[in-house]
Structure formats: structure tokens, C-alpha cells
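A.B. asks: Below are the chains, spelled out letter by letter.
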Amino acid sequence: MTIEFDREDTIVAPATPPGSGAIAVVRVSGPAALEVLSRVFRRERGRGRMPAFRPVLGTVLDAAGEPIDRGLATWFRGPRSYTGEDLVELSVHGSPAVVRALVEACRAAGARPAEPGEFTWRALRAGKLDLAQAEAVADLAAAATLPQARLAARQLSGEVGEALAPVAAEALDLLADVEAGLDFSEDEDLGPGGDEIARRARVLAGRLEELLAAGETAARVREGARAVLLGPPNAGKSTLFNALVGRERAIVTPEPGTTRDLVEETVVLEGMPVILIDTAGVRDATGLAEREGVRRALRVAEGAAVVLEVYSLAAAWRPEGPPAPGRLRVATHADVPWKGDPAPGSLVVSPVTGEGMDELRRRVAEAVGAPGTGPLPSVALASARHRDAAARAADHLREAAEMAMDAPGELVALPLREAVRALREILGDVDAERVLGRIFSRFCIGK
Amino acid sequence: MKRLPPIVVVGGGHAGVEAAHAAARLGADVVLLTLRRDALVRLSCNPSIGGIGKSHLVREIDAMGGLIGLAADLAGIHFRVLNRSRGPAVRGPRVQEDHDAYPRAMEELLRHPRIEIVEAEAAAFRMQQGRLAGIEAADGRFFPAAAAVITTGTFLRGRLFRGEQVIEGGRIGEPPSLALHDALAALGLRVERFKTGTPPRLLRESIDPARFEPQPGDPEPEPLSFLHLYEGRFEPRLPQLTTWLARTNPRVHEIVRRNLDRSPLYGGKIRALGPRYCPSFEDKVVKFPDREQHLLHLEPMGIDHPWVYLNGFSTSMPEEIQEEMVRAIPGLEDVTIARYGYAVEYDYVPPTQLRRNLEVRALPGLFLAGQICGTTGYEEAAALGLVAGINAARSALGKDPFVPDRFSSYLGVLVDDLTTRGVLEPYRMFTSRAELRLSLSPDTADRRLTPLAERLGVVPPHRAARARERWERIDAALRAIERDGELRASRPTTPADRIRRGEDPEEVLAEALPDGPALGPRDRDTLVNLVRYRGYLERERREAEKLRRAESIRIPPGFPFEEVSGLSTEIRQRLAEVRPRSLGQASRIPGVTPAAIALLAAAVGQGRARRREATR
Numbered sequence: 001m002t003i004e005f006d007r008e009d010t011i012v013a014p015a016t017p018p019g020s021g022a023i024a025v026v027r028v029s030g031p032a033a034l035e036v037l038s039r040v041f042r043r044e045r046g047r048g049r050m051p052a053f054r055p056v057l058g059t060v061l062d063a064a065g066e067p068i069d070r071g072l073a074t075w076f077r078g079p080r081s082y083t084g085e086d087l088v089e090l091s092v093h094g095s096p097a098v099v100r101a102l103v104e105a106c107r108a109a110g111a112r113p114a115e116p117g118e119f120t121w122r123a124l125r126a127g128k129l130d131l132a133q134a135e136a137v138a139d140l141a142a143a144a145t146l147p148q149a150r151l152a153a154r155q156l157s158g159e160v161g162e163a164l165a166p167v168a169a170e171a172l173d174l175l176a177d178v179e180a181g182l183d184f185s186e187d188e189d190l191g192p193g194g195d196e197i198a199r200r201a202r203v204l205a206g207r208l209e210e211l212l213a214a215g216e217t218a219a220r221v222r223e224g225a226r227a228v229l230l231g232p233p234n235a236g237k238s239t240l241f242n243a244l245v246g247r248e249r250a251i252v253t254p255e256p257g258t259t260r261d262l263v264e265e266t267v268v269l270e271g272m273p274v275i276l277i278d279t280a281g282v283r284d285a286t287g288l289a290e291r292e293g294v295r296r297a298l299r300v301a302e303g304a305a306v307v308l309e310v311y312s313l314a315a316a317w318r319p320e321g322p323p324a325p326g327r328l329r330v331a332t333h334a335d336v337p338w339k340g341d342p343a344p345g346s347l348v349v350s351p352v353t354g355e356g357m358d359e360l361r362r363r364v365a366e367a368v369g370a371p372g373t374g375p376l377p378s379v380a381l382a383s384a385r386h387r388d389a390a391a392r393a394a395d396h397l398r399e400a401a402e403m404a405m406d407a408p409g410e411l412v413a414l415p416l417r418e419a420v421r422a423l424r425e426i427l428g429d430v431d432a433e434r435v436l437g438r439i440f441s442r443f444c445i446g447k
Numbered sequence: 001m002k003r004l005p006p007i008v009v010v011g012g013g014h015a016g017v018e019a020a021h022a023a024a025r026l027g028a029d030v031v032l033l034t035l036r037r038d039a040l041v042r043l044s045c046n047p048s049i050g051g052i053g054k055s056h057l058v059r060e061i062d063a064m065g066g067l068i069g070l071a072a073d074l075a076g077i078h079f080r081v082l083n084r085s086r087g088p089a090v091r092g093p094r095v096q097e098d099h100d101a102y103p104r105a106m107e108e109l110l111r112h113p114r115i116e117i118v119e120a121e122a123a124a125f126r127m128q129q130g131r132l133a134g135i136e137a138a139d140g141r142f143f144p145a146a147a148a149v150i151t152t153g154t155f156l157r158g159r160l161f162r163g164e165q166v167i168e169g170g171r172i173g174e175p176p177s178l179a180l181h182d183a184l185a186a187l188g189l190r191v192e193r194f195k196t197g198t199p200p201r202l203l204r205e206s207i208d209p210a211r212f213e214p215q216p217g218d219p220e221p222e223p224l225s226f227l228h229l230y231e232g233r234f235e236p237r238l239p240q241l242t243t244w245l246a247r248t249n250p251r252v253h254e255i256v257r258r259n260l261d262r263s264p265l266y267g268g269k270i271r272a273l274g275p276r277y278c279p280s281f282e283d284k285v286v287k288f289p290d291r292e293q294h295l296l297h298l299e300p301m302g303i304d305h306p307w308v309y310l311n312g313f314s315t316s317m318p319e320e321i322q323e324e325m326v327r328a329i330p331g332l333e334d335v336t337i338a339r340y341g342y343a344v345e346y347d348y349v350p351p352t353q354l355r356r357n358l359e360v361r362a363l364p365g366l367f368l369a370g371q372i373c374g375t376t377g378y379e380e381a382a383a384l385g386l387v388a389g390i391n392a393a394r395s396a397l398g399k400d401p402f403v404p405d406r407f408s409s410y411l412g413v414l415v416d417d418l419t420t421r422g423v424l425e426p427y428r429m430f431t432s433r434a435e436l437r438l439s440l441s442p443d444t445a446d447r448r449l450t451p452l453a454e455r456l457g458v459v460p461p462h463r464a465a466r467a468r469e470r471w472e473r474i475d476a477a478l479r480a481i482e483r484d485g486e487l488r489a490s491r492p493t494t495p496a497d498r499i500r501r502g503e504d505p506e507e508v509l510a511e512a513l514p515d516g517p518a519l520g521p522r523d524r525d526t527l528v529n530l531v532r533y534r535g536y537l538e539r540e541r542r543e544a545e546k547l548r549r550a551e552s553i554r555i556p557p558g559f560p561f562e563e564v565s566g567l568s569t570e571i572r573q574r575l576a577e578v579r580p581r582s583l584g585q586a587s588r589i590p591g592v593t594p595a596a597i598a599l600l601a602a603a604v605g606q607g608r609a610r611r612r613e614a615t616r
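Chains as they are written, first to last, in my numbering: chain A, 1 to 447; chain B, 1 to 616.
So here's chain B without its partners, still in its complex pose (with noise of 0.2 angstroms):
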């Protein structure tokens, strides 16, 4: 059998490894271009991994045989958990990371037989019969290619902003990547512009600790990957450090505000839009006026790292300013900065231009993943790497796409969200996007995707019986004390109806399970939030039927949306670019009303009367 050429990945941050290992996983070859070996995987913002929404991203890829959730969890020097008392379904392990040990972690777990590390810069596709069959490098290479998943990140004609200073990279001491902009663009694909942010990094030698109110990690850490949690008792590799709460006050609004006029922002540089839910500071001033202080954080970079980062303080202001701003914040008068914050402008194409599978609609064979599909964010990057890799393994072999389902994980609601949806920012993952939250507990990630993904051939048959094996303790202990099945002729109280009613749920257990399933203790969690939440679980299940009947009326592929009679000239323009797949998709485009889904459904129906008609 001729060898299928391999699948190229573009960039090396967190949407291309996942993209890679997972291409490779399946049993694709892999060709991974970077412009810099040397900076694969660089925690170019925050040194933090998970969060709330986000953790519930990288336990999903870790679900699927992922390495976020394990290299976060080898190189973490901070473990806490974010929203512990507002329920199971919303809590956010996160994992402050060691700045140069994560990276490393990465490397080592993207070593695979089947992955080659080139150092080139794409510049071009090279096409046959309308598919994509290869990348050209700027120096004249070529690499012959099955499919090929691109993941510019911020590097895709990427320029920085200090001040007046403007400079053309994707990060800082990086070059751009020029190229690529023309190529897509010759695919007829729209192309627009996007801008972050982020914060000065500070000597941490010149902070005095004792100054702020330290922020601990949790007594006893909380991984994010499933093979750590299967363990039971997690130990971090390396040494755990402290993180500091500061807070601004109103002289340094008032520096900001004196100087608005030198930030890139509201001096005009910059008019790509950014996101509302990670602000530079100068935003926060100006949109907030009245409030007397923000809140930041004093996040060391590693364990021997000489800097601290300052979370919540992303700005753009040029140096002498960033300078006065971060002096004039109690307890850090003298302290250095060691790299001043900036801001950034970077192309992404707004992602309505992809199937759901992330491959671009104009070129079968080429996929996008990370924040070229106009996400900001490791963990988004990541998950989309996740899947664009997949489908590239796949769209080679000529199988299937793989497109998660939102209604049974995050992922899905991401894919979704951008293809559909499409985005006025960058786009962060947030709990509300789901609407099924309840039913999409990170802790059950591994029941929802496990399976699914050892049928994709993504997980190793071992560890998808480590997940079956978690899930038939649960699942005895659970039938043990509902009592399902059994004949209840004066429906006695079960044990599970006692933790419902508020027992405390050890005590409970303890007496129903005396020599039952060993359950470790989080395991135990996740028995009694089944428990306590059956009623409301099974709500979201009646939803969830609602909004699958909606998503089970298909719309053909290759519908002319535009031949749709009674729509406006604008609605009939989205529903053209999405292409929405069933009426439960096309329900979701923004500004598509009811009067224009009923419209819709009827035209869909006709065309199938007339369908019907031709064949008879």
C-alpha cells in the first residue's frame, strides 16, 4: 500500500502539539513546522493553566488522550481550586505553572515516533484538484502534505504596541509570520484583525512579599489530568510557591488617565478589538472611573524564575509610564520592571469561514486551530488543536469528521460557538456558554469522552479501561444505594434518599457500602453530586432532548440559503457564510429570528417535497 504523506501542523504552541500528537496517536505522520525550535510551547501570557471554564476545557482533552492537563499537572508550582462552594459543575482547578519546566514537560510529552520538528515558516499552499497537497516553506522547501493544520497564534502578521514604539513580531524578541496572511487571503477567505495584551513582568528580587496578602495553594493539590486523579494521591513534582494579592488605588488611575493619550489604544494605533473579559488596565480605568482600586495578582514565574508576573495590569502605556503606573502601587515603590507589557495585533479568520470539523470550507484538506480561529486563551487553543488534529488524521484517511457534540462537552460548545456564532472578540470559554452546565461536570469528562475517543482510536485501549473501571465502581455503588431495580412495594427510604434529604453523606455511605466498591474520596464526590443531583440532572436531560429534536431537522448540504424567499438580504448572508448543517444550528446564528427559522423550515421542507417528487 502506497504511504500516505504526512499531516503537516504549523506552529508549535499549544493548538499545534495537540494537533500533532493527536494527527499521530491515530497513526498519521507528522511534520510540525516552527519557526523556533528552541520556543515550542511558551507560556507567552499568564504562566497559569485552567481555571473555571477553562479547566473544564483541558479535562476534556485530557478525556481524550490530550497533554495539557498532564504537563500543567508535571510542572505546576500552585494548585488551588477556583469557586469550591458554588458547586461541582462550576469549580475550576487551576495550576500556575513554572515559567521553563513547563515548556520541557511539553517537549517530553510530545516526543512520538511518528513526529518530526522541522524549523521552516510556511508561506503557501500548493493544491491539486482542489484539495490542499502541500506546504511551501519562505525558503523554498516544500512539504508534501495529506492535510495540513494551521496555528499562527498571535504570529500571523503580529504587531506589538508600547507607546509610540510599534514593532512587528508575534512576542516579544520574535518575528511575525508574513506570508501565510497572502495565502489565505488568496482563498478567498476574509481576514481580519484581533488585539491582547499583556502585563509588565516584574524582578522579583525588588518585591517585598511580606507587603501583600499572600494566596497560598490548596493543602492538597487538585490535578487536572485524569491519570493523575486516577491515582489517587497526587504529589507535585516540584515545589509549591505562594502568589500575592496587591490592589491599585486612585493615584494610579490618575497616571493612567493623565497619559491616555501615549497608549496605543485611545491614541487610534490600535482599532482591533479586544476582549471585554481580560481589559488592559487603561480600559478598566476608563470604563469603571468610579472605582477606587482594582484588584491584581503577584504570580512568580517558577521556582528559579528571577520574575514575577502581574496579573490584571495588562498595558500598553510606553515605558516611563508603565514605570510611574506600577510605583505608584502600595508595596511595590521600587520595585524593577524586567519586560514591559505591550500589546499585541494579530489576523485571525472568523471561523463562520470553517466546517465543523475546522477545515476551511474554500480548501478541503487545510485546518485551523488556535487563536487564528479568533479564541485567546492556552486551554481554547489547545482543545481546538484537539480536534483539528483529529479531523486532519481523519480527512486524510477519508473518514468521517469528528465534530464533538455541545450538548455533551465543552468542546463541542466551542466548535459550535465559532462556527456558528462566530465571534465579536476573542473568544474565552466560560460555564455560562453551556447549556447543559450541570450535565458537563469536568469531573465526569472521562464517562462522556473516554469511550467516544478510544472509538476514534485517540486513547490507548489501557487507559480507556482505567476510565471504565472508575465509572463501573461508581456506577455499582450508585445502583447499590438508589436500589435500582429492586421491587420497593412501600418505597422504603433508599441511602440515596437520605443524602438528597441532607444527611451527611459519609455517614450514609459508610453504613450503605460497608464492604462495598472501594471509592476513593473524589470519586466519592462525584457518587454523591450523581446523587444529589438526579433531579436536576434529569432536567437538563428533558432539555437537552428538546434541543437535539431542533438539531435532528438536517438542512442538505449545498442548500441554496440564498434562494430562500422572505429573508432579509442579511440573515440570508449569515445563514449563506455558516451554512448551518439542521435547524437547531441555524436557530443560534446571531439575528436569525424565529419568523426566519420558520421560513427556513419551510423552504427546507419543500426541498424535500421536491426532492421526493423527482424520484417517484
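The shape of chain A in the complex, shown without the other chains (with noise of 0.2 angstroms):
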């Protein structure tokens, strides 16, 4: 975490991410927030004292002081606001020209433009927001699509909370009842069996994968997936990638070699958010930014959910045997001639036509794992931080149940520890403190 913010001044940022919505919003906030609103805002109707908490409608205005949308405008009077500061939201049309001049005009007006998380770091700081909550904020906003928003939406209500908290509690049951077994056994028989040990260790790590797999699909969601189109050179990997877009994002020649570097673009197929990714065209480049090209391409393809193999029905060449597991084979430029069939496995397609073109959408939807459009699956654990530390407590309570026959009790307790450890990153404080004082509760204990 970056942690040098300056705190006097006044900041300014769009608080929707760029070019995806009708409506985007422009906050600042700071001291000098109703100044800077002032400077770029003119009100329709009324004067004197801008009213707090409630929209206001007017015009925008450049830094020039021409007017260049119609918008609203919301004072939230500090510290009842997100920041716990005097905060302004612009709400403008989600024109990029629009909100770029917009955040132009603050700037002029005083406003420094954010750093990235500054906002919600403002609101950590004024304690308007525990970190859990911070998080899901900060990928909120960053939330491209729409399964994304109401992932982090739920996390904003505690819902990971409300799903661990009953595993993290009996984990430290567990390793309270085994720490007692350690520290009092002079007074009575304390410490679990080995093999109750072993039960209940497994039942928990049982449980965390159970949510762990049920969380898969929502992770998946969270963090989109690559898809990469990789072909020799002229197969048509651009005007494809252009097809599925939308829009004309990549260069298109006839030149072989055009694209040297990749593109990227994200797009959203059945609730999925699916990151394509052009490249250069596979062959022995002549050229050095090519052939840089052309390894990055190589190696992009690597780390993706799926790779679309791309090649030209117009060209002589065809790839051989059967397309590898992760691979769609994709036959394009079906609208022209054909230099011989189509290569086993290919899906045939035509972006000029449209042919095929829905169903290699559906294609990569599938290949990607997306969610469809139905209910989401359970939530609980759909961050990679989240993910990641209730996988190793898992890890964990499989190993204390393995061990909880043969080794002593010390040892049997690491493993634990390590787990209920790793729950604490998730769901904050569980000291030595909370461990005694389930064993006090519990147990009768002292000569």
C-alpha cells in the first residue's frame, strides 16, 4: 500500500471506470470540494448555499468556463460522506471527452488529481471502512461488468464474514482444546484423542473446500479470463478480434506482419469478462520488433484459459492433427475462395458474413468456464487473497489430521495454529489471548 498521502489537499478522480456506461462520475473531495464545484458546476434553478445530500441539476463546465454537459451535483457535507471530508460527486454522460474535461476543469479549479485507491484510503482513514470492506470497494471500482459489481457488492455486506466465521470458530476450538491438552494436562484429561482430533480437522478442511470450489466460479468471474488469437501471419487474427470487439480496436492490413504487438480488450460473454487478446502473427519475423513480437505472443498463449488457433481458409497452410486440449481451431475468411478443406476440429467463420461468429462466442464462453446469466454461486471465497488463505488453511487442518494419530501434541498444534493463522488473515484477530479464553470457558481448570 502506498502510504505517503499528502491529507490537507483536494482531490479529483472519475469514480467509474473509463468508457463503460451512460453515466459517469467525476468525486472530489477535500477542504477546498465545494470551491472546485463551484468553478465547474452552474446550477438551473436556485442561489446562494449549495444544499447538502441532495442531487442538484446544472450544467458542467470546462476549464475554459464553456459549458459542455448537463449533470448533477452532490455535496456530501463532511464528515457524513465517503471520505469522512466535504465530498463532491458530478454525475455527467459517460462521454470519455466529456469526463476527461471535466476532470480537466477541477484540476484547473485547485483539485489534484487522485492517486490510485486514494478515495478509499481517505475513508480507511476517516474509519469509514474496516479493510475487508476497502477491498471489495477498491474492486468494485475497478469492476468492468456487471457479474463483477454484484460480487463486490456482496462482499461490501460481510457475506465472506458471515461464511467463515462458523469454520474459523471452530478451528479455534479445535486447537483450544488441543492447546489445553498441552498447557493443563496435569488437571484432568484434557487434551481431544488423536482420532477426534483427526475427524474434526478433517471436517473443517472439508468444509473450507467445499466453499473454496463453490467460491471457483465467482473467482473466475472476479478475475476474468485470457483469451489469446494465435496464427501464422494474414490469417485474419485482427479483423476477427476487430468482430468480436466490436469495434475497430486493431490495425488491419493486408500486409502480413501488421500487428507486432498485442492488444488487448475486454469483452463480456455470458456474465464472463474475457479478456482478448491479439497478437503478432506467428512466423521466422525478419524485422527485431517483430520478432519480439512474436515471442510475446508465444508466451501470452501460455498463461491463457483458451487459446483461439487461427488460420486462413484463402491460405494453403493448415494446422495438423487434432486441436490440443484448450485450443479452439478456428477456420476464418469463409467468405472467400477456400485454398482446401478446413483443417479436423475447425469451427468455421466469417466476421465479414457473421458466420459462425455466435457460436464461436458461445465457444469461448464455454472454454472460459463462464457463469451464464443465472444465479451466482456462493461468494465466500472469491478474492485471490481469501481464496488463497483458506486454501492453505485447509492444507493445514489435512495435515494436523494426519498427524493427530502418531504425533505428539506439540506438533499435532503447528499445523493448527498455522490454520486458524491463516482464517485471521481473512477474518482478523485470533491471538493466544481468544484461545485461553475458550479454554477457560470450557474447561475447569486450575489446581
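These aren't lab readings, by the way, just hints derived from the structure by calculation. One or more hints might be untrue.
To be verified - Not everything, but these chain A residues come out facing chain B in the computed CB check (under 7 angstroms):
{"hint": "1", "residue": "D183"}
{"hint": "2", "residue": "S185"}
{"hint": "3", "residue": "M405"}
{"hint": "4", "residue": "G409"}
{"hint": "5", "residue": "L414"}
To be verified - Far from chain A, by Cβ distances over 12 angstroms, these chain B residues were calculated:
{"hint": "6", "residue": "E435"}
{"hint": "7", "residue": "Y536"}
{"hint": "8", "residue": "E540"}
Unchecked claim - Non-contacting residues of chain B with respect to chain A, defined by C-beta distances greater than 12 angstroms in every case (computed):
{"hint": "9", "residue": "G188"}
{"hint": "10", "residue": "R437"}
{"hint": "11", "residue": "P492"}
Predicted model, so just to flag it, every value in this text is computed and none were measured. Think of the CB as a built atom: it goes at the ideal place given N, C-alpha and C, for glycine as much as any other residue.
Make the complex out of the two chains shown on their own, each in a separate frame, by following the hints.
C.D. replies: Below, the structure written as C-alpha cells:
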């Protein structure tokens, strides 16, 4: 976390991701927020003091004072605001040009462009959010698609804690029982037997694993998936890419080797954000830049959820054998004369006529495990950090279960402590005092 | 060179004698003030030293040249290792002591040319230029002091309760210490009350041992002190006795229930909190109503001592009720109570007001140790005495504070828990308090602490040499069976691997080290543990690295915790009181959330940036 933010000044930033949606929100926070507002926004009705906590209609101005849009402004008077400071939200039409001009106008009026996460940071500083919520907000802000936004909203409401808390409480109980057997053995026979420890640890590991499995789809939605277009030069990858994206994103020429670097764009396929990546055609390239492009293409294909193996029916070359797992074979240029039959397992498409394009989208969505449009699975363990911690906890519990029958108590306690510590990374404070508290509340201890 | 005034130690219990002796070992002159010259180092409660968690402290104190382990071994009449089967890091050797021989052994060990013992009641502090200059006694005498350690135990405004009776006193038959309370309060210190209790003592001749299950000591007594461990074989000085197990029954519990209104605990006389793990018998009955029986231990108080300690039966009921309760225990129908149980309420100073060298933040040169810091137990008191004594001497000489590290010692866990987390009940050591329990195995205390103690000057070189020799032998054997440094192209199985795979270590070692370094049986156990636990110790080492990283983010002295914005008032107050010196320490303060730590990190970082700015 960047922690050396200046805290006294006024900051501005778009609060919605660029280029996505009809409405964009620009936020200004800090002591000069109202003053900035007065320079970039003219109310349609009313004079004098701006009312707080109520959207007001008006004209949005650029840095030169020229009207650029109509919009709504809301003043959240500090400390009753997201950041705890005076905060103004301006809702304008979502054109990137308008947003850019408005932010520029705010800057001219004295606000500083915010660092990434700085609004959330100020909220945290004002005690408005805890860390888990802050993380959720950061995700919400970055959410490019609706399913992602839904996930983020659920996490914000504390659902993570609700799903995990009982598991964590039982893991703590188990640890407390084992610790009681170690620290108070002289009192009574307190510690549970090895078979009981093993059974309870296994049950808990199983429940974590279930939560992990259920959250996997959710995690995929959250992380998004990468689909890489790979193939020989001039196979029509960029044309296909532009067709899938729905606009002229990649430069297309009849020249082989036009695309030299990676070109990325996110599309939503059946509820799943898919990052499409167009690459340089793979051939024995002559130019230095192109050679680098080919190298990058091959590397990015390694980490992709699915690789679209693209070739042109208008060229003589055909891929050999059946497509490898994780690969979709796409024969393009269906609308021009073919030089021979498609290779086995090919999906024949034409971006020009639209032939096969719906089927291609469907297959890509299937290959990346899109959730479809039905209800989302359990969101409990969607964030990579939470999943990682829960998976470690499950592993430690399994290890404890395996050791419980033979190993001395102090060794069994080690993975149990590690499991509880891992769960603490998600849920917060669990320390020795809590473990002792559990022991004392349940056992009569002491000579 | 002008001679420094002495270190004044107030109190002659476990904390006081360890503090006095540690300061004397460091070369300071020491004056030990005690209310009664003839009542040093009494075992006011249970007649035993050690056990789980506590023996861990004893071994560490001993590794730093302290007295408690030696005295316990010399006066031991029953040696038993608890937790033998649960692993080396939690095994807890415990020694029953001869009630009279123990203080005699301590006095013998305490004898030091630089220590003078004086009967006096400390009453007030005298200050000079914001630092402690001396202690005024109640009788008007003045004791100049370069630094002082206060160890009042349960004597500070001590008040004893038994039924309707209330007696001012620190221990039965001895007056309390009253004046110091005002002196401490005058420094602006918060002073609060804790309570504890003690069970009745029974007349030994009125008990028929045949009615109880005997618990003999171990056939091969394990001593607490490394000096005795280094010898190989340990022979106790005194004859060995057995203890017995007894059990209560519903009749006993019913008597308690019927008379609860006569208990000062439940009658409302005592409001202070007592330890949950050492509850009064009244508490056991009330909080666990379903239990049909509770386990008790009958512990003879010495070879010739006429009394038996009824361990597990702490009570402050009126005398006639105690009589009724005890006689309802099967086997004790005709018993005579020699001294009735009682509860004691006393002052302590919440230890978050101390620096991590146990110095009172409000008065440099003044140190606290023992129960006044909110602990319970001889071993905890002795540990704090050692740390305070070392620091008093170092402070007098203008040297850096000695702060034991919680990731390499129970001494560190103790001091850090007290000064960072504070206490809600009398604090006792448990192995579950140590994050790195396996690494703090008591048999390695001399490796972890004796070299450090030598550098501090608190153990003599010849003793440090013995620790070094022991570990050279163990390390050499370890290298031989792990074959460290040997080029192993095909990685054949080493003898250490065979031990880890479960082969009999005796056989493997006999084969691998036919004429290798001679290891005694205990050193061989340590060696085998190190081999078996290698992977687990490695895991703890990685955890330690993580913990130490948080510890390395320092908070500058004088940091304005009050001004960190965004923190709740409560958290701000906690931080301002504890004044953590690192983010790691701050994160251990109860109630301090991860979000608060993030804010604190930001504020500390900002302060740093601002200072950089200023010096540019």
C-alpha cells in the first residue's frame, strides 16, 4: 500500500471505469471541494448556498468555463461522507471526452488528480471502512462488468465473514482443545484424543474445500479470463478480434505482420469478462520488433484460459492433427475462395458475413467457464487473497488430521495454529488470549 | 572515579532476590529492603516450582545465571516431569519443595559481597532532575539509589479475607505495605486491585495416606538448573516424598453452594479479579455445576514439616465452613486444618505503564517486578526480577535497556505481553502464549540465552563456557549425522534421515557415531529432537521472519499517537498508553484493528517523509 499520501489537499478522479456505461461519476474530496464545484458547475435553479446530500441539476463547465454537458451534482458534507471530508459527486454523460474535460476543469480549479485508491484510503483513514470493505470497494471501482459489480457488492455486505466465521470458530475451538491438553495436562485429561482431532480437522478442511469449490466460478468472474488469438501472419486474427470486440480496435492491413505487439480488449461473454488478446502472427520474422512480438505472442498464449488457433481458409497452410486441449481451432475468411478443406475440428467463421460468429462466442464462453446469466454461486471465497488463505488453512487442517494419531501434541498444534492464523488473515484478530479464553470458558482448570 | 549509589531493591521475594542478585552480578552495589529479614523468599502458596510454562521460565532464568532453578533443585523433595508424551517443547519438569529448606537454599545462593540486606519499609521516592534519587523508609531513613526495583508482591495494601473476617496483611501473620501506594499514585500511575487465594493446610498426622492414590516422583529426577543438567547425573540432596491424589464429591459441592453468601467472593466483599486458571473452589462449583468431582492434590510441605498443602482447594469461606468442606472429602473425614485458606486482595500497577525494560515511564530509574506488574507465580516473579535487576544496573551505568525478544525466549513473551497487551487477570505463563513454541523448547534455553547473558555480563565466563561446550558437542554430532556440507551427488540417506523416518535413534546414533563426541542421554534427546523437528523448526523460522519484519518497522520515540487521525478514541488511548515502538508491537495491542495499523503505518510514514523534508 502506498502510504505517504498528503492529507490536507483536495483530490479529484473519475469514480467509474473509463468508457463503460451511460453515466460517469467524477468525485472531488477535500476542504476545497465546494469551491471546486462552484467553478465547474452552474446550478439551473436556486442561488446561495449549495444544499447538502441532495442531487442538484445544472450545467457542467470545462476549464475555460464553457458548458460541456448537463449533469447532477451532490454535496456530501463532511464528516458524513464516504471519505469523511467534504465530498462532491458530479454525474455526467459517460463520454470519455466529457469526463476528461471535467477532471481537467477540476484540476484547474485547484484539485489534484487522486492517486489510485486514494479515495478509499481517505475513507479508511476516516474510519469509514474496514480493510475487507476497502478491498471490496477497490474491486467495485475496478469492476468492468455487471457480474463483477454484483460480487463486489456482496462482499461489501460482509458475506465473506458470514460464510467463514463458523468454520474459523470451530477451528479455534479445536486448537483450544489441543492447547488445553498441552498447557493443563496436570489438571484432568483435557486434550481430545488423536482420532477426535483427526475427525474434527477433516470436517473443517472439507468445509473449507467446499467453500473454495463453490467460490471458484465466482473467482473466475472476478479475475476474468484471457483468450489469446494465435496463428500465422495474415490469418485474419485482427479482423476476427475487431469483430469480437465490436469495433475497430486493432489495425488491419493486407500486409502480413501488421500486428507487432499485443492488443487487448475486454468483452463480456455470458456474464464473464474475457480479455481478448490479439498477437503478432507467428512466423520466422525478420524485423527486430516483429520478432519480439512473436516471442510475446507465444508467451501470453501460455497463460491463457483458451487459445484461438486462427488460420485462413484463403491460404494453403493448415494446422495438423486434432486441436490440443485448451485450444479452439478457428478457420476464418469463410467468405473468400478456399484453398483446400478446413483442418479437422475447425469452426468456420467469417467476420464479414457473421457466419459462425455466435457459435464462436458461445464456445469461447464455455472454454473460459462463464457462469451464464443464472444466479451466482457462493461468493464466500471470491478474492484471490481469501482463497489463498482458505486453501492454506485447509491444507494445514489436513496435515493436522494426518499427524493427529501418532505425533506428539505440540506438533499437531503447529499446523492447527497455522490454520487458525491463515483464517485470521481473512477475519482478523485471533490471538493467544482468545485461545485461552475458549479454554477457560469450557474447562474447569486450576489447582 | 566517584562511586555510584547502590541499586535499591524493595522486597525479598522471588522477584526481589533475582533482581538483587542480577544487579550484583553486573557489578552494582545492592541494598535489599525487606519488612522481615527472616522471611525472605517464602513459598506463600503452593510448595512447588516449575511445571508447564513455568519450568520454561525457570530454565531461561537459570540460563542467564538466576537463582530459582538452583534453589528448587537443592530443596526438592519430589521431582516429576509433566507432559512427557506431548513433546519436548511442552514437557514441564516440576519440583515439590521443602518449605523450610527452600528459603535457606535461596539465602545461601543470595549471599554476595555486594548485597546488603536491611529491614525497612519503603515509603516514598525522592527525585532529582526527573530521575529517581533514592527511597525514603517509613522510619525516616533515606537510602540513596542509582536505580530501584519495587517488588511488593501481594503486600501493597494487601488485605486478607476469610468469611466475614478482613485482615490487613500481605500474607497471613505479616503486615501489609501501605505507604508505597500513595508514592506510586503520586507519580500519576494507575493502581488497580487483583485477588488471589490459597487453600487450607492440613495437619499431616491427621491424614491416612493409605486412603489416597499415591503419586511418586520420577525414578530419575530431572533437575531444573542447567548446572545440574551439565553434570549428567543428578542426585537430590533431600530424601524424596510422595504426593497423593484426592477427589471431591457432590456433598462437598453442596456445602459450598449452601454457604455461598458467606464467601467474600460471592458475598460482594471482593470485587477484584482473580486468575481464571487458578480459581477458588467456590468458583469451580459455581461455574461448573455439572461436575460431580474435582481433582485435588495432597502435597507434603517438607521432610519434617507437619503440614500438607491441599492443592486445588483454594477457598476463603469462614473457618467452620472450610472445616465442613474438607471433612466431606473422602479420606479426610477426621482431618485437622492447621491453617485455613484465605483470599488476598492487593495493588498492582497495570504494566502497560512500564517500558519494555520494566522501567516506570513516569519516573526513570524506577523499575517494577513481580506481582506488582500483574503476574502470579514464583517463576513469573523471578523472571521479571531478573529482567528488572539487569535493567536497573544498566540504567545506573547509563547503558541501553535490555529487552528480551519474544521470538527467542519466554522471558520476551512475558515482558512483551505485559507491557504491550496489559493484563485483565493475574498473568501466568502458558506455552500457548509463545508464537514459536517449538523453537523455545526449554532444553535449548542455554543456547538461546547464555551467550547473550555472557555479553551482558550477568553470567561468568566459566559458566558460558559450559553451555558452549555442550552445544559444540551437540552441533558436531548433528553435522555428522546430517552430513552437512558433504557433496552428495546421489543424495544417499543420512543417519538423520533414518531417524526422521522413524528408525530407533539409539541404534542409528550408535552406528553413525561409533567414536564420535560423547553425548549424555539428555543431550542425545536434544539432538534427536533437533533432527526430528528440523522441518517444523524451519517452518517456525519462516514465521519468525515474517513477525520480525513487522517488528522492524519502527515507530519513533515521542511519536504523537494522539494526533493520528481516523483512529477511534479508544484505540488512540491504548496506543498512547502502551506507546509501541514498532508496528509489530502495535498490532499485538488488544483492540487494535488491521485498519488502525494501516493508518498508523501511514502516519509513521508521513512523519518520516516530513522529517526527510525538514533535513533537506
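A.B. asks: Now tell me if each hint is right for this structure.
C.D. replies: Hints versus structure:
no. : hint : result
1   : D183 : holds, 4 angstroms
2   : S185 : holds, 5 angstroms
3   : M405 : violated, 14 angstroms
4   : G409 : holds, 4 angstroms
5   : L414 : holds, 6 angstroms
6   : E435 : violated, 8 angstroms
7   : Y536 : violated, 6 angstroms
8   : E540 : violated, 8 angstroms
9   : G188 : holds, 27 angstroms
10  : R437 : violated, 6 angstroms
11  : P492 : holds, 26 angstroms
In this structure, the hints that do not hold are numbers 3, 6, 7, 8, 10, in rising order.
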